[in-house]
Each structure stands twice: as structure tokens, then as C-alpha cells.
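Participant: Following the hints, complete the assembly by docking chain B onto the known chain L.
2 protein chains.
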Amino acid sequence: MNEKIRCIRNKMNSLNLQGMIISNPTNIFYLLGIQAEGILLLTRKENIFITDGRYIEAVQKTITIDDEIVVFDRKDVDCYDEENFFMFCENVGFEEEYVTYAKYKEYMHRYKINNLVETEKIIEKQRMIKDNKEIENIIKACKLTDDCFKHICSFIKKQMTEKEIAMEIERYFKENGADGLAFETIVASGINSSMPHAVPTDKKIESGDVITIDFGCKYNGYSSDMTRTIFVDFVQDYIKKVYDLVLKNQLQVEKEIKEGISTKTLFKMPESDFKVNGFDLIHALGHGVGLDVHEMPYINPKDEMFLKENMIITNEPGIYIPGKFGIRVEDTVLVTKTGAEVLTKSNKNYVIIKNK
Amino acid sequence: MNEKIRCIRNKMNSLNLQGMIISNPTNIFYLLGIQAEGILLLTRKENIFITDGRYIEAVQKTITIDDEIVVFDRKDVDCYDEENFFMFCENVGFEEEYVTYAKYKEYMHRYKINNLVETEKIIEKQRMIKDNKEIENIIKACKLTDDCFKHICSFIKKQMTEKEIAMEIERYFKENGADGLAFETIVASGINSSMPHAVPTDKKIESGDVITIDFGCKYNGYSSDMTRTIFVDFVQDYIKKVYDLVLKNQLQVEKEIKEGISTKTLFKMPESDFKVNGFDLIHALGHGVGLDVHEMPYINPKDEMFLKENMIITNEPGIYIPGKFGIRVEDTVLVTKTGAEVLTKSNKNYVIIKNK
Chain L
1 MNEKIRCIRN KMNSLNLQGM IISNPTNIFY LLGIQAEGIL LLTRKENIFI
51 TDGRYIEAVQ KTITIDDEIV VFDRKDVDCY DEENFFMFCE NVGFEEEYVT
101 YAKYKEYMHR YKINNLVETE KIIEKQRMIK DNKEIENIIK ACKLTDDCFK
151 HICSFIKKQM TEKEIAMEIE RYFKENGADG LAFETIVASG INSSMPHAVP
201 TDKKIESGDV ITIDFGCKYN GYSSDMTRTI FVDFVQDYIK KVYDLVLKNQ
251 LQVEKEIKEG ISTKTLFKMP ESDFKVNGFD LIHALGHGVG LDVHEMPYIN
301 PKDEMFLKEN MIITNEPGIY IPGKFGIRVE DTVLVTKTGA EVLTKSNKNY
351 VIIKNK
Chain B
1001 MNEKIRCIRN KMNSLNLQGM IISNPTNIFY LLGIQAEGIL LLTRKENIFI
1051 TDGRYIEAVQ KTITIDDEIV VFDRKDVDCY DEENFFMFCE NVGFEEEYVT
1101 YAKYKEYMHR YKINNLVETE KIIEKQRMIK DNKEIENIIK ACKLTDDCFK
1151 HICSFIKKQM TEKEIAMEIE RYFKENGADG LAFETIVASG INSSMPHAVP
1201 TDKKIESGDV ITIDFGCKYN GYSSDMTRTI FVDFVQDYIK KVYDLVLKNQ
1251 LQVEKEIKEG ISTKTLFKMP ESDFKVNGFD LIHALGHGVG LDVHEMPYIN
1301 PKDEMFLKEN MIITNEPGIY IPGKFGIRVE DTVLVTKTGA EVLTKSNKNY
1351 VIIKNK
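Protein sequence lines correspond, in order, to chains L and B.
When you number the first sequence by our numbering, it's gap-free, plus one each residue, and the end is 356.
When you number the second sequence by our numbering, it's gap-free, plus one each residue, and the end is 1356.
The hints are simulated quantities; they were obtained by calculation from the structure and are not laboratory data.
A portion of the hints provided could be inaccurate.
Said to hold, decoys possible - With a straight-line Cα cutoff of 35 Å, these simulated DSBU-like cross-link-like pairs (lysine-lysine) come out: (1) K203(L) x K1174(B); (2) K1133(B) x K204(L); (3) K1158(B) x K163(L); (4) K121(L) x K11(L); (5) K1150(B) x K204(L); (6) K1105(B) x K121(L); (7) K140(L) x K125(L); (8) K1103(B) x K264(L); (9) K1157(B) x K1248(B); (10) K1203(B) x K140(L); (11) K1174(B) x K163(L); (12) K1061(B) x K1158(B); (13) K1264(B) x K75(L); (14) K324(L) x K308(L); (15) K103(L) x K1121(B); (16) K133(L) x K1204(B); (17) K1061(B) x K302(L); (18) K1354(B) x K203(L); (19) K1158(B) x K61(L); (20) K1174(B) x K1011(B); (21) K1248(B) x K174(L); (22) K354(L) x K1174(B); (23) K1075(B) x K103(L); (24) K1157(B) x K105(L).
Chain L extracted, bound-state conformation:
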């Protein structure tokens, strides 16, 4: 059977679930490797994927006999079939964080389910640990991101707008083999860089600007996420001090990342050092990266978790001085048994754009 589904079925056993309804398209892509609208039903006997005419051909091409998945065209499934899928299932799981209340009620009714129960993100938890193919895709997405950064450093000129730079990043990704953006690109210059989630504006790049560029692409569905803060013409000394503090902490976290370390411990390192220096760490230190650019685990002071081999996470401390400027340095990193393998490899020293 499809290895990823086999693991989910093991987990279902331990939770006393005899069936499961999977409707989140990201989870379906994770389990089946196909981007097709539909619903995946894990019943007592079978793995059933119900889709429609638009996708049947593509699905049949992707799925092999070894996957052990029965594919149906929606129009060939009648209500009698639906009522029988989960017969003799005491408990059927569903994705309570994805399914709307209206859908929840529809499922109960359509599939005649007595106990439709919450599954507490069993698929999302499994998605935290990447297999070799997933790692390869993320490495490719990170490589494209590094290449794009190199390109964008030579592309940026004074008097260009933040929007123009963001559009060039998107163009570069699309023309160089990425599926598209992993998320809306942040290009925040000068005073705009003081907002961690700034949206690109019509502000023009000027001499002396700090520019925070937070960007990433998708490759075969998998994401990259990198931030670099760069400078135009020169870097003022008081900005250098903040940059050095952020980078020092980013590198210290990088050193500590490995299987077994607590996400809380990781978060506390830059948080404490920033505090000593009169600053705060106002957002999470990082997050998992995969099919979603933000996914489990989250590296914040609330949700303690211990890193495991083959998790892929970001390491992104930042300092923001309201009304002045902000500095963030972020990499996408693979967790190994002995340390961190940094997948985004762009220059983290002062990158200074100098041109007419």
C-alpha cells in the first residue's frame, strides 16, 4: 500500500478509528501526489478516491497498483454506495481544522456516520517529517530562491518601486521552473521594513535604504522561504549594530538545531539575547516548511515540541524599530541527527547595492 497512507492507517488504529474522511486538498496531494479536486475515504477495506471527469485521466496516470487506491468518478457513486462506505465503522475521523461546520453535517448525513470524530491533525503531524523525495523538492525550491536572490541583487536600482522588485521576483520564479510563489513576496524598504508583514508599495528605493526581502517559491508543490535584509549604497553604524545582533543570533540558533532540541529552548535563545540588548523578538522564530509554507512545527514560546530528523523549518529572528527600520535574516533548514543543514545558501553578510 501507499507508504504514507499505511502510516496514517497505523495512527488511526491507535486512535480507534475504523475510517477517515480526508478532504483538505493539501493533505490529499501529500498522500496521493495529485492535485485533483476530490475526497479520499479510508474505509475498513479500501482506500477510495472520489473525483470527477476532469481529473480521472491524470489520477489514473499517477497512481500505481501498489498504491492500492480505488478511483471513482463522482457521477458513478450513488447514495447507496455512500451509505455503505463506512458500514460497521464505530468511529470515523475527519479534519476538524479544515472541514466547515456545514460540511461536517453533510458528511454525517451523506455517509450515515454515527461518530464523526476529530483527529487532531494526524496528517499534519506526519507531514512534519519529510521523505527523500520531499526533501529533494524543497532543496530545489531553495536553490531557485538563492538564484533569484542573486538575480534580484543585480536587478535592483534606485528609483525602482518595491512593487516592481516583487513583480520581478515572481517573473523570475515562473520563468525558471518554479510552480509559482510560495507566498506573497515582501519587499519593504526604508521605514516600511519596520513592519514584519509589509506589503510591497509604490515607494521608490533610495540611497541609504534598508530593504527586507522575504520570498520563496514552490517546486512540485513544495515551498522555500528565505529573508535577506540588504542595503543601498551604505549601511549606517546604528543599523549595523542591529544587523550584527540579528545575524549573531540566527547563526547561534543554526548551531543548536538538531534532532531532540526543544522548540521552546530555541526560541528563548534570541529572545533573551535581544532583551539584554534592549529589543524584543515579536514573532515566532520559525515554522515548518513543506506543502504549506507555514506548517507544523511552530517555533514559538507556546507550543513546545522536540525537533526530529528530516523536519524542515525556518530560522528567522528579526528586530523591528517602529517608524525607523527592521532587520530579519531567514533560512530554510533541514534538521538532521547531528545538526542543521542550511538549504538556502545566499550571502548573509552585508549585501550593499551600489549603482547609479
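Facilitator: For chain B alone, coordinates are given in the frame of chain L:
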């Protein structure tokens, strides 16, 4: 009080709802005119919008005293406040089509609600009828779409790829005052045009191609939606026949659209005429257009509804011949008491691209 909220409160009264939780960001934008993360609570006494520090300033700037909305920063709201918001409310409504099952349970618990009840899209139903400001925004979005079509007809050259054309459409919208795309642009040429929901590919434009371009933008949050099917160098006679049949029906539907007509009746017109000619209408004839590019009402054979003044809908019959080609012609249309005002005004005769 804010007029849109006053209407919702009237509807709530008739449904015996003493309170309502609104969390769908599109509905919040509709009611408050602001794009801010947060939750809108209509309680017995007040309209409360709870957001966070990032948005407070922008929200305070947009909302006036006449709106009668109390704005809170999330960090100033404690669980004691939350438990009191809906005190003495017998029934509190929520958006069952938007809220996940996990959130539904969280709301019940957080706000100590006894009966959290489904509201059957009361806001979405109100959104069907546009006010003057909304109509103005959609007219502007349609105008930009017409301008973009004119531009793209002069931009397309043979050997360009579908993707390049789609990217140029996006660039044009962004550089000419649109917020962005209303949906992912469809550019489907030659055989690809036979799929109603084709995604732009690396296929190059060739002589003799049919090109279906389905596109639209957002302006102040409001959408436009238009399809034109154009030709490269020449139109073959058997394609002309299908084009003429689609356009004839599109114009007939246009003539019939006015307050009071049934959506089912509208759908049946092209469906019957296509059948007589040996073709099928395989998708809806149209849909409402507003903050969402697809919203109520839906013009299909299932959901009968009677059009009302100031609804804005699409009129988009299409014929698809598998493995060969497809033709669709679509306008965004304002319903008036006496007829249809077509908001997308681009040429619907044969548009033939001729260049080297």
C-alpha cells in the same frame, strides 16, 4: 448605524437571533469596508470588532462614529469580556459555510453560547444586491478589463506561450490601478481551449489557433469577469458556426436579463438551443460577481432564483468539443428593472490576430 449592518440586524430579528459572530474576512470587508484580520460580533447592545495591533490604526481611520462600531485590540479583551458579549442571547448565529468544526467548538466555549445556530448565508444573500458604491467599483474593474483586452490583442504574437500572455495580463492589471487578479487567468489556445478550466501552459500560439481568454481584475476589492474567444490569422468555417451559435445565445440571454426573470429560465434558453444543434451546455450559464468573483446567485438548472435590480452576474454560455476546440463568450452584467446593462464592452465579433 452602518446601513449594511442595520439590514443584517433586521434579518437576524426575523430569524430570532439575538447575536451573530462574523468571521469570514470577505463578509467583514463587505460590512466594514476594511481588510483587517479580526472578528465582528453583533451583540444585543453593540457591534464589536476585535482586531489586533497591526490593524487598529487603519480601522479607526476607516470607521466613522455613524457606523456605531466599537473597536477592540485583541490583547485588551479578556475571557471575562468574552463570556459576557452574548449574555442573555438565546440564539447566536454563525457562518456555517465558512467556520470550521474546530472553530465552531471554540466559539461555543469561548463565548459561553448555548445555541450557536446556522444562518443560511444571510450575509451572502444580502451581498447579491449591490449598492451604488459597489456598482461603481465593479464598473471600474470591468473598464480595466476592457482596456486590458485591447492591450492584449495588440500584444499577442505567434510563438508566444499561453503563460506569457497570462503574465502580461497580470502585469497590465497591476500597473494600471487594479488590486490584482480576480482569479487565475485562463489562456487556452488550440486544442487546450476545449477544456473550460484550462491552466495556461507553455504551448505556443500558432496560426489557426482559437484562443479562449477568461480573465478579470479586482478594484477596491470588487471583481470583474470576462471571456473572449479570439482567432489567429483566420477562422475556419466549422469553428465560425459554433462561435455564431454561442454568441447568438449569449445575446439572447442578454436580452432576457432583467428584474424578475428566473435563473432556471435563463439557463434553459441556451441549453435547449445548443441541444437542438447537437451540443451541450456543460457548465453554469453564470454566477454573481462582487467581492468574490463567484458568488450568489448561480445561474444553473438546480438553484432557481429570481433576478433582482442591482444584482451583478455573468452571462457565459460555452461549447467545448473534446480534443478539438472550445468557444466561450462572457460578460459581466448589471441587472436593472427593465433589462441588462452590460459592463464589459469589448468586441464580441470575430477578433482575428494578424501579424508576422
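Participant: Could you run down the list of hints and mark each one as holding or not?
Facilitator: Status of each hint after checking the structure:
At roughly 15 Å between alpha-carbon atoms, K203(L) and K1174(B) fall within 35 Å of each other, so this suggested pair holds. As the CA atoms of K1133(B) and K204(L) are separated by approximately 31 Å, the hinted pair is consistent with the 35 Å bound. About 30 Å separates the Cα atoms of K1158(B) and K163(L), which keeps this hinted pair within 35 Å; it holds. Of the pairs offered as hints, the one joining K121(L) and K11(L) holds, with about 11 Å between alpha carbons and a cut-off of 35 Å not exceeded.
A distance of roughly 30 Å separates the Cα atoms of K1150(B) and K204(L); the hinted pair therefore holds under the 35 Å criterion. At roughly 16 Å between alpha-carbon atoms, K1105(B) and K121(L) fall within 35 Å of each other, so this suggested pair holds. Straight-line distance between C-alpha atoms of K140(L) and K125(L) comes to about 23 Å, which keeps the hinted pair within the 35 Å bound. Between the alpha carbons of K1103(B) and K264(L) the distance comes to roughly 26 Å, so the proposed pair stays at or under 35 Å and holds.
Of the pairs offered as hints, the one joining K1157(B) and K1248(B) holds, with about 29 Å between alpha carbons and a cut-off of 35 Å not exceeded. At roughly 24 Å between alpha-carbon atoms, K1203(B) and K140(L) fall within 35 Å of each other, so this suggested pair holds. Proposed proximity of K1174(B) and K163(L) is supported: the alpha carbons are some 9 Å apart, at most 35 Å. The straight-line distance between the Cα atoms of K1061(B) and K1158(B) is roughly 50 Å, outside the 35 Å bound, and the hint therefore fails.
Taking the CA atoms of K1264(B) and K75(L), the gap is about 22 Å. The hint holds against a cut of 35 Å. About 38 Å separates the Cα atoms of K324(L) and K308(L), which puts this hinted pair outside 35 Å; it is violated. For a cut-off of 35 Å, the pair hint linking K103(L) to K1121(B) stands: about 14 Å separates their Cα positions. Only pairs whose Cα atoms come within 35 Å are accepted, and K133(L) paired with K1204(B) is accepted, the gap being roughly 31 Å.
A hinted pair counts as satisfied when its Cα atoms are at most 35 Å apart, and K1061(B) with K302(L) qualifies at roughly 33 Å. Distance restraint check for K1354(B) and K203(L): the Cα-Cα separation of roughly 39 Å exceeds the 35 Å cut-off, and the hinted pair is therefore not satisfied. With a C-alpha separation of about 32 Å, the suggested pair K1158(B) and K61(L) falls inside the 35 Å cut-off, and the hint holds. Distance restraint check for K1174(B) and K1011(B): the Cα-Cα separation of roughly 38 Å exceeds the 35 Å cut-off, and the hinted pair is therefore not satisfied.
For the hint pairing K1248(B) with K174(L), the CA-to-CA distance comes to about 39 Å; that exceeds 35 Å, so the pair is violated. In summary, the hint linking K354(L) to K1174(B) is supported, as the alpha carbons are separated by about 28 Å, within the 35 Å threshold. This hinted pair checks out: K1075(B) and K103(L) have alpha carbons roughly 32 Å apart, not beyond 35 Å. Only pairs whose Cα atoms come within 35 Å are accepted, and K1157(B) paired with K105(L) is rejected, the gap being roughly 51 Å.
Checked against the numbered hints given earlier, this structure breaks hints 12, 14, 18, 20, 21 and 24; the rest are met.
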